[in-house]
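Colleague: Place chain H on chain B using the hints.
Line order of the protein sequences matches chains B and H.
Take the first sequence: its letters are residues 1 to 487, numbered as in the working numbering.
Take the second sequence: its letters are residues 1 to 138, numbered as in the working numbering.
Since the hints were derived computationally from the structure, they do not count as laboratory data.
Only true hints are included.
Non-contacting residues of chain H with respect to chain B, defined by C-beta distances greater than 12 Å in every case (computed):
#1 Gly30
#2 Tyr37
#3 Glu67
#4 Gln132
#5 Arg137
Only pairs whose alpha carbons sit at most 25 Å apart, straight line, appear in this in silico BS3-like list of lysine-lysine:
#6 Lys95/H with Lys81/H
#7 Lys90/B with Lys132/B
#8 Lys117/H with Lys187/B
#9 Lys337/B with Lys179/B
#10 Lys22/B with Lys135/B
#11 Lys90/B with Lys135/B
#12 Lys168/B with Lys95/H
#13 Lys81/H with Lys168/B
#14 Lys90/B with Lys36/B
Since the structure is predicted, the reported quantities are computational estimates derived from the model, not experimental observations.
Ideal Cβ placement from N, Cα and C applies to all residues, glycine included.
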Amino acid sequence: MVSTRSSTVRDVSKRYQAGVMKYAQMGYWEPDYQPKETDVLAMFRITPQDGVDAEEAAAAVAGESSTATWTVVWTDRLTASEAYRAKAYKVESVPGSPGQYFAYIAYDLDLFEPGSIANLTASIIGNVFGFKPLKALRLEDMRLPVAYVTTFDGPPTGIVVERERLDKFGRPLLGATVKPKLGLSGKNYGRVVYEALKGGLDFTKDDENTNSQPFMHWRDRFLYCMEAVNHAQATTGEIKGTYLNVTAATMEDMYERAEFARELGSNIVMIDLVIGYTAIQSMAKWCRRNDMILHLHRAGHSTYTRQKTHGISFRVICKWMRLAGVDHIHAGTVVGKLEGDPFSVQGYYNVLREMHNPVDLQRGLFFEQSWGGLRKVMPVASGGIHAGQMHQLLSYFGDDVVLQFGGGTIGHPMGIAAGATANRVALEAMVFARNEGREIWNEGPDILVQAARHCAPLKAALDTWGEVSFNYASTDTPDFVPTATAA
Amino acid sequence: MRLTQGTFSFLPDLSDDQIRAQIEYCLTNGWAVSLEYTDDPHPRNTYWEMYGNPMFDIKDAAGIMTELQACRKTFPRHYIKLNAFDSTRGVESLKLSFIVQRPGQEPGFVLQREEGKGRIQRYTLRAYATQQPENQRY
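For reference, chain B alone in the conformation it holds in the complex (with noise of 0.2 Å):
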């Protein structure tokens, strides 16, 4: 534990003399407080700045995120300002990073407005994260109290529904994303949606940054995606979809764009987390008024989630666009090409899938998290993964999860219709074999080359790809148990 060099100043007349005080002693740092279960907790990671001792720190990050401003004003005396004032009560070192600590933060319920996020982030990430007695600063992880939970909407579909709606059940669902993602004209764009559809998958997506562009303006988009959706329908007797991304300049654009999609009949619509935490809640009450699955593409993430020490968790992104209430989140693959310490990873997938999230500190939640009664959110797993990978997919993620083989389908020697089959034939062989008791984890390559014995799609993409993978170390563990994990 970190000592104790500042504490509150009670005498009410040395408390509020004009001028600058330590923010510990302004009571920003409360060692003793017991946080209620009305409180918004938050855990940030803070680097303090050399010379800067941890608890004043921590009580600047509670000011700065509160009420408090760089000097003492006595207006904070019209107001009922303890209960106002958010209270840094815990500070702990991070294992194995010395410069840095773990700082737990309470807030009081009414500093929110409520079922905001906009809102909720504008405390809590608003200003202090360029606060200069820091040299970084990473919110790790929050506690939001089912007295804030339950404000908010909500994912307007939620993963029981929706699996109810495409008639799916007992597997992870399939889709794949369009490639090349720029370029390709409507024509040529729906002919991939209407193949890897044809060929077995659930649903195929836009990529975060097909929007209108020269070369496939949106309606014509929409238009032959959902002749190819329609047809593969038809072709399969099964329910298709095709992720129609509707991220624009505006929400007018977004509105109307969204409009469109549900003139033609999609069940499924997509957005891009760079149009911002008040265009997504917006567009899921659209969604909600409109019988719609809202996807969001989490693009541009990684600028502030990939960097221990600066930044937001992963977890806490998660967090919010449960609330702000997305259907589908891209939430990392583990053994993909993108970003995702194994344990970290399963830490969003709880997050976004429980209705109660237990302290679980070596998958970084910590916090206990209820979720009341909101709706649960598919997580997405994109970018690099493939057949041969599928018992590593299963075991880690299980059944609610949307499993996305864009280039896995797209580039496989036989074309795109058998790299479809070959995913699913290799998704429903795994299935299977776990619900007979097998033991996927070892006998997963066994049991797709069982499987390709009836499926030559399957064998082919097996012997094109069976041996690639992304092994990189970690840039983003929980660090509270210091060890790293390997992919």
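Modeller: Same frame as chain B, now just chain H:
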């Protein structure tokens, strides 16, 4: 065509032993197994006919296989699917659903298009089988 609804439609048709193993898995998880049949495989036909209520109280796979054989005998040319229902709070829905019998011939679907305003098409999917009266579909 081969109707690909259900969890295992891309695998070769399941043997009774394989079906039994999946039922064991469902029972181990505490899920209630049920059987449904239809001669209208339209993907939006949500309500197939129930072959009795979900078997909440049958705890052995053999008992459920007996029901399946009886269902097959009564409806030898229908689609039959086996569902597993999980009543856990927060789920309260199916956890598995797969086809355990399909007709010998699956004539598939026709996609009808009707030109609308602009370039919009109105799509309608019809099962060829349902163009026949009920007793002559398969």
